[in-house]
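Colleague: So the sequences go chain by chain: A and B. Sequential numbering of the first sequence, starting at 1, is according to this note's numbering. Sequential numbering of the second sequence, starting at 1001, is according to this note's numbering.
Read the hints as simulated data drawn from the structure, not as lab findings. All values derive from a computational prediction rather than experimental measurement. We treat Cβ as the ideally placed atom computed from N, Cα and C, and that holds for glycine. Don't take each hint at face value.
Said to hold, decoys possible - Heads up, incomplete: computed chain A residues facing chain B, CB under 10 Å, no partners named:
hint, residue
1, 15
2, 73
3, 74
4, 79
5, 104
6, 108
7, 112
8, 122
Said to hold, decoys possible - In silico SDA-like cross-links for lysine to any residue, where the CA-CA straight-line distance does not exceed 20 Å:
hint, chain 1, residue 1, chain 2, residue 2
9, A, 128, A, 97
10, A, 128, B, 1041
11, A, 16, B, 1041
12, A, 16, B, 1134
Listed here are the chains, written in short residue letters.
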Amino acid sequence: MARSSFPCEVLTPEGKIFDDEVEMVSTRSGIGGLGILANHAPLMAMLEPTELRLYKSDSDVVSFAQGEGYLQVIDNSALLIVEDATKAEDLDRSELESSLKEAEQSRDEAEEGSEERARCEREVKRTKAFLEIGQSS
Amino acid sequence: MATQQDTKNRISSVKNIQKITKAMEMVAAARLRRAEQRIEAMRPYADAIRRMTGRVVEAVERIPDLPLLEEHDETRRVGLLLVTGDRGLAGPFNSQIIRAGNKREAELKREGKEVVWYASGKRGISSLSFRGHDPVIARQGYTDRPAYSNARDLANDIATQYEEGNVDRVEMIFNHYESAMSQEVQRDVLLPLQQIEALVTDEEGQDTREDEDQQKRRGLWIYEPDPEEMLKRLVPDYIEISIYRALLESTASEHGARMTAMRNAQENATEMIEDLELQMNRQRQAEITQEIMEVVAGAEGLT
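Excised from the complex, chain A in its bound form:
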């Protein structure tokens, strides 16, 4: 059975990279995977780096490596505001690996429990997530 669709927009600092009707949005918040279908209740969520999948239909899925961001669902439309969204095939493995190393190093240098440490931790998480996405595709 075809699910009903709803409008979905993805905004990044580089511009609007997606604006179309979708049947489902699949992403991840702090507590785990998040799937949004049509007629969802108003929602404001903070997103973690993951693979963002936009289901135009069961067979037509657009996916991105998604950085941190926010999701807003209102009036049956979804708005994703993310720092970064790259097509999986555009990810540069070697660059990611070197930035992971760099991030891990600065994390280990940062003081335990400091804000800086938390920021480095996020950086590590982001790069790791992107690397995984790059691997699976």
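Add chain B to chain A, keeping to what the hints say.
Modeller: Below, chain B without anything else, positioned relative to chain A:
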């Protein structure tokens, strides 16, 4: 005295320079267009973040204590971030930032405050180092096409400086992009973000908070996680965006300034070629006159 051949050589070298400046102008024009598009592209994102911050601020019961929002008791040390380019040959683009930085330093010193330097772009870094003010944060290599991650790195470093109490205020000096012809030096206070309220107004100064109708529905919103938690990330995001915008505007200004500078250089070259051609013609005439005089003198000597 320069011979006719010397002048000819000079004309051809000026012509070569003119060709180079012409090429540089065209490159700058193409890059300027792209930089302008990127400024346009980031606006919806920035506005969306602002609107979202507005909603979240409305929803929190109490603004959480965040080090970045907190004003230090005393402002003794001020961080100055100079946003410059990696390359020169862009008219007053880099020098006006450095001049503005020096001026601000003098002002702050008169007030008895210390200055800590941060710099983005090779030109800013090298001119600070040259004067013996090694910048504490120095980043370069991206000014032709800054990515969001460059802004994030810079924002992280600066936030750390502020949180650790190394500075009590951070100001950012950059070229605000108005048009290809005009770029103005702008100075913004980056930290502390004293008024979260400021986050709620959009670029036109309009309040983007929800109207009453929307407020009634607010009870229905599901927040994941709490709005307080969200604010903890939205505040640093706001600083990242401010820096990202400054980097983009600076890049557009750089290309605009270079384009103008190169166009002026071409005009100067045209003028110079005209002068040199005139000079060459005179020299040729002088040589001919000389030769005729010699012939006449020789003929006279024979009779």
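Colleague: For each hint, tell me whether it holds in the structure or not.
Modeller: Evaluated hints:
1. Because the closest C-beta pair between residue 15 of chain A and chain B is about 3 Å apart, less than 10 Å, the hint holds.
2. Interface hint status for residue 73 of chain A: upheld, as the beta-carbon distance to the closest one in chain B is roughly 9 Å, under 10 Å.
3. At a threshold of 10 Å, the smallest CB-CB gap from residue 74 of chain A to chain B is about 8 Å, leaving the interface hint in force.
4. At a threshold of 10 Å, the smallest CB-CB gap from residue 79 of chain A to chain B is about 7 Å, leaving the interface hint in force.
5. This hint is violated: residue 104 of chain A has a C-beta 15 Å from the nearest C-beta of chain B, more than the 10 Å allowed.
6. For residue 108 of chain A, the interface hint is violated, since its Cβ never comes within 10 Å of a Cβ in chain B; the closest pair sits about 15 Å apart.
7. For residue 112 of chain A, the shortest C-beta to C-beta distance to chain B is roughly 14 Å, which exceeds 10 Å, and the interface hint is violated.
8. Below 10 Å, beta-carbon pairs count as interface contacts, and residue 122 of chain A has one with chain B at about 9 Å; its hint therefore holds.
9. A C-alpha spacing of about 9 Å is found between residue 128 of chain A and residue 97 of chain A, which places the hinted pair at or below 20 Å, so the restraint holds.
10. About 27 Å separates the Cα atoms of residue 128 of chain A and residue 1041 of chain B, which puts this hinted pair outside 20 Å; it is violated.
11. Our distance criterion of 20 Å between C-alpha atoms is met by residue 16 of chain A and residue 1041 of chain B, whose separation comes to about 7 Å.
12. Only pairs whose Cα atoms come within 20 Å are accepted, and residue 16 of chain A paired with residue 1134 of chain B is rejected, the gap being roughly 39 Å.
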